[in-house]
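A.B. asks: Whole structure, please, built from the sequences with the hints as guidance.
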Amino acid sequence: MISRRDFLQASMAASAIVGASGFGQWGRLAAQQALTQDDLLNFDTFGNVSLIHITDIHAQLKPIWFREPEVNLGVGDNNGAVPHVTGADFRRLYGIEDGSPSHYALTYNDFSALARTYGKMGGMDRVATIVNAIRADRPDALLLDGGDTWHGSYTCHHTEGQDVVNVMNALKPDAMTFHWEFTLGQDRVRELVGDLPFAALGQNIFDAEWDEPSEDFAPYTFFDRGGARIAVIGQAFPYMPIANPGWMFPDYSFGVRDGRMQEMVDEVRAQGADLVVCLSHNGFDVDKQMASRVTGIDVILTGHTHDALPEPVLVGETILIASGSNGKFVSRVDLDVRDGRMMGFRHKLIPVFSDVIAPDPEIAALIDEQRAPFQAELEEVLGTTDSLLYRRGNFNGSWDDLICDALITQREADIAMSPGVRWGPSLLPGDPITREDVWNVTSMSYGQAYRTEMTGEFIKVVLEDVGDNLFNPDPYYQQGGDMVRIGGMGYRIDISKPQGERISDMTLLSTGAPIDPTRTYVVAGWASVNQGTEGPMIWDVVEDHIRQLGTVVVDPNTSVEVVGA
Amino acid sequence: MTFSRRQTLLLALGASAAAVLPFRASAAVEDAIAEFTGGATPGEGGITLTAPEIAENGNTVPIEVSAPGAAAIALFAAGNPTPGVATFNFGPLAGAHMASTRIRLAGTQDIVAVARMADGSFVQARQEVKVTIGGCGG
Chain A
0 MISRRDFLQA
10 SMAASAIVGA
20 SGFGQWGRLA
30 AQQALTQDDL
40 LNFDTFGNVS
50 LIHITDIHAQ
60 LKPIWFREPE
70 VNLGVGDNNG
80 AVPHVTGADF
90 RRLYGIEDGS
100 PSHYALTYND
110 FSALARTYGK
120 MGGMDRVATI
130 VNAIRADRPD
140 ALLLDGGDTW
150 HGSYTCHHTE
160 GQDVVNVMNA
170 LKPDAMTFHW
180 EFTLGQDRVR
190 ELVGDLPFAA
200 LGQNIFDAEW
210 DEPSEDFAPY
220 TFFDRGGARI
230 AVIGQAFPYM
240 PIANPGWMFP
250 DYSFGVRDGR
260 MQEMVDEVRA
270 QGADLVVCLS
280 HNGFDVDKQM
290 ASRVTGIDVI
300 LTGHTHDALP
310 EPVLVGETIL
320 IASGSNGKFV
330 SRVDLDVRDG
340 RMMGFRHKLI
350 PVFSDVIAPD
360 PEIAALIDEQ
370 RAPFQAELEE
380 VLGTTDSLLY
390 RRGNFNGSWD
400 DLICDALITQ
410 READIAMSPG
420 VRWGPSLLPG
430 DPITREDVWN
440 VTSMSYGQAY
450 RTEMTGEFIK
460 VVLEDVGDNL
470 FNPDPYYQQG
480 GDMVRIGGMG
490 YRIDISKPQG
500 ERISDMTLLS
510 TGAPIDPTRT
520 YVVAGWASVN
530 QGTEGPMIWD
540 VVEDHIRQLG
550 TVVVDPNTSV
560 EVVGA
Chain B
0 MTFSRRQTLL
10 LALGASAAAV
20 LPFRASAAVE
30 DAIAEFTGGA
40 TPGEGGITLT
50 APEIAENGNT
60 VPIEVSAPGA
70 AAIALFAAGN
80 PTPGVATFNF
90 GPLAGAHMAS
100 TRIRLAGTQD
110 IVAVARMADG
120 SFVQARQEVK
130 VTIGGCGG
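These protein sequence lines are chains A and B, in that order. According to numbering that gives the first Met the number 0, the first sequence is numbered sequentially starting from 0. According to numbering that gives the first Met the number 0, the second sequence is numbered sequentially starting from 0.
Please keep in mind that the hints were generated in silico from the structure rather than gathered at the bench. The beta-carbon is built from N, C-alpha and C at its ideal position, and this holds for glycine as well. Possibly wrong hints are sitting among the right ones.
[Claimed, not checked] Stretch by stretch, here's where chain B covers chain A in the computed footprint (C-beta under 8 Å, at least three residues):
{"no.": "1", "stretch": "99-108"}
{"no.": "2", "stretch": "185-199"}
{"no.": "3", "stretch": "462-470"}
[Said to hold, decoys possible] A few chain B residues facing chain A, derived, Cβ under 8 Å:
{"no.": "4", "residue": "Gly-44"}
{"no.": "5", "residue": "Leu-48"}
{"no.": "6", "residue": "Thr-49"}
{"no.": "7", "residue": "Glu-52"}
{"no.": "8", "residue": "Glu-55"}
{"no.": "9", "residue": "Ser-65"}
{"no.": "10", "residue": "Met-116"}
C.D. replies: Below, the structure written as structure tokens:
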């Protein structure tokens, strides 16, 4: 990572690029703890083109709590580089004052206390207000959605994405790319995409049978804005059939396909593109590597790994923008595009403080309309939590511990496994737990909770395999999730080792005995990508468990020892 | 419910391919390459191997290889029990010196493509293809 000073120097050295981040000004306002909507939206309009980026909304239409990660380890060249910087180190890096709104929005420390001070974040009605304000400055600003939009809530599950589609369409995006959307099943995806009033992009979405570009998704589209010709190239999540159930979308194949990305960049440049924007769901480290291999992309709007960065990261002459998740942030990027190239930029990561930014009344009403048929089910209180419940981080979060505990208790298992996904809002100590809250951290189209037997040796193989998807030093071999969450078992992981040598000291917590490679253990889990998985739905398992507990208390989890970072 | 090892593997977190730990290149692949090159050590460059970084389905992995001016290209899966996959021969009238096929991989391993050029020299390209039980993304 380069510091702000280095960054500006790097920009000057590149001579064509002069840029500035809006963050410093916001930091000062933050120190005064006097946030206003005007302050948050304040932006000295720059150049002739504006991009608005939102990504990884995960169907969160209403404001939420969302605690950023405590542990986010980078390996190889990315060790210690953003976004693998958290907490106080992150605040020092960006000059963020402790206790400030940006501390609350961007780091994990003192989350519960700061959350009560600054309130919930997000809400697509607030996002609409921001988008409208930017459009008031620049009527032809492009709104680009990085995907993971039609997944992640009770209403989204029950309407198969229709609630989010209705709300997003009212925001009038210009283009979108995809990941979890495909878990709605390919027929539903085609139905929704066919009706979209904007471009559905993915240069790496291929026809699986013929290994040719899919006809259902364009690789790129052009926009004429501010006298410049802008090409937006889509990049869907590369590892869809590996990380999610391929049997739900058998007609499609994905992959990074950076060779074709280069072809597409060359093609749009040959057609007169003055600016090339990549709307990506690669994940940050994969985008960094792609930016170093593909020449001619001016801006990569990154997604998938849920990172929120207050300043762009520069790779060669490409700027990478990371806009967070769950509706917490909107990025505005103003660009000076002249003579067929990007001459400069100005960027601001706008935090969506829901108590500060007024909801857009039209979108607020539209959201409530989507939720109305489900209101009673959404609001039903299942219990209360005494602990902060969160998920984000490389290893167990407290939501995951609760889910694993539910699996072990309700399914009478020795060991529980829960997927290392990065979505799922937080709850504060004292909060009631509603059915909506449980669905926010569990809803998916393959939520069956399986119960099976595995040998100790096989459990190690699973951990080694998932560990390599996270800690392989080559980003192109990473899938961008977090480590599988384990209940009932402790282990040690050395992230610097190769696959097969990372995991050791596996211990059954109930007895304290080492895991016996030859012994068989009962394992309960959920979110298998295998077709025909049987079991109750995970949200029902968790709901039963919370009802039995009444009040949830999750003790700190010290069962995973991490070394080699 | 009872599960076979394979079903269990798929259940765990799963994906479509069964093997998980890297399959180390055997001496068999070096022997097979030496047989193709007549013992000559292949150089680098002039040959492009296109393969996925992570296989979507280890049972059918799309591989493409291109070597302009090649007389023949041999393809090897270094970790398979039988490493030799195919040898593509190009006649003097061949319009393009490229081939694509799908191969089955027993597990994570290197794919090696070796081209015999018109002048009798050899070049090779190598890429690791990971076969994984998968995980869950963001």
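A.B. asks: Quick check on the hint: B/Leu-48 CB to chain A CB, less than 8 Å?
C.D. replies: 11 Å, violated
A.B. asks: With a cut-off of 8 Å on the beta carbons, see whether B/Thr-49 makes it to chain A.
C.D. replies: Hint holds; B/Thr-49 Cβ to chain A Cβ min 7 Å, cut 8 Å.
A.B. asks: Does the interface hint hold: is B/Met-116 within less than 8 Å of chain A, judged Cβ to Cβ?
C.D. replies: At 22 Å from the nearest chain A Cβ, B/Met-116 fails the 8 Å test, so the hint is violated.
A.B. asks: Does B/Glu-52 pass the interface hint, meaning its C-beta sits closer than 8 Å to a C-beta of chain A?
C.D. replies: 4 Å, holds
A.B. asks: Would you settle whether the hint for B/Glu-55 is holds or violated, based on the nearest Cβ-Cβ distance to chain A being less than 8 Å?
C.D. replies: 4 Å, holds
A.B. asks: Three residues or more, CB to CB closer than 8 Å: is that satisfied between the stretch 185-199 of chain A and chain B?
C.D. replies: Coverage by chain B is violated here, the residue count being 0 at a Cβ distance below 8 Å.
A.B. asks: Is the coverage entry for the stretch 99-108 of chain A by chain B consistent with the three-residue Cβ rule at 8 Å?
C.D. replies: Contact hint for the stretch 99-108 of chain A vs chain B: violated, 0 residues under 8 Å.
A.B. asks: Is the interface hint for B/Gly-44 satisfied, with its Cβ closer than 8 Å to some Cβ of chain A?
C.D. replies: B/Gly-44 check fails; min Cβ-Cβ to chain A is 16 Å, beyond 8 Å.
A.B. asks: Do at least three Cβ atoms from the stretch 462-470 of chain A come closer than 8 Å to Cβ atoms of chain B?
C.D. replies: holds (count 6)
A.B. asks: Quick check on B/Ser-65 please, does its C-beta sit within 8 Å of some C-beta on chain A?
C.D. replies: Given a least distance of 11 Å, the restraint on B/Ser-65 is violated.
The earlier numbered hints that this structure contradicts are 1, 2, 4, 5, 9, 10.
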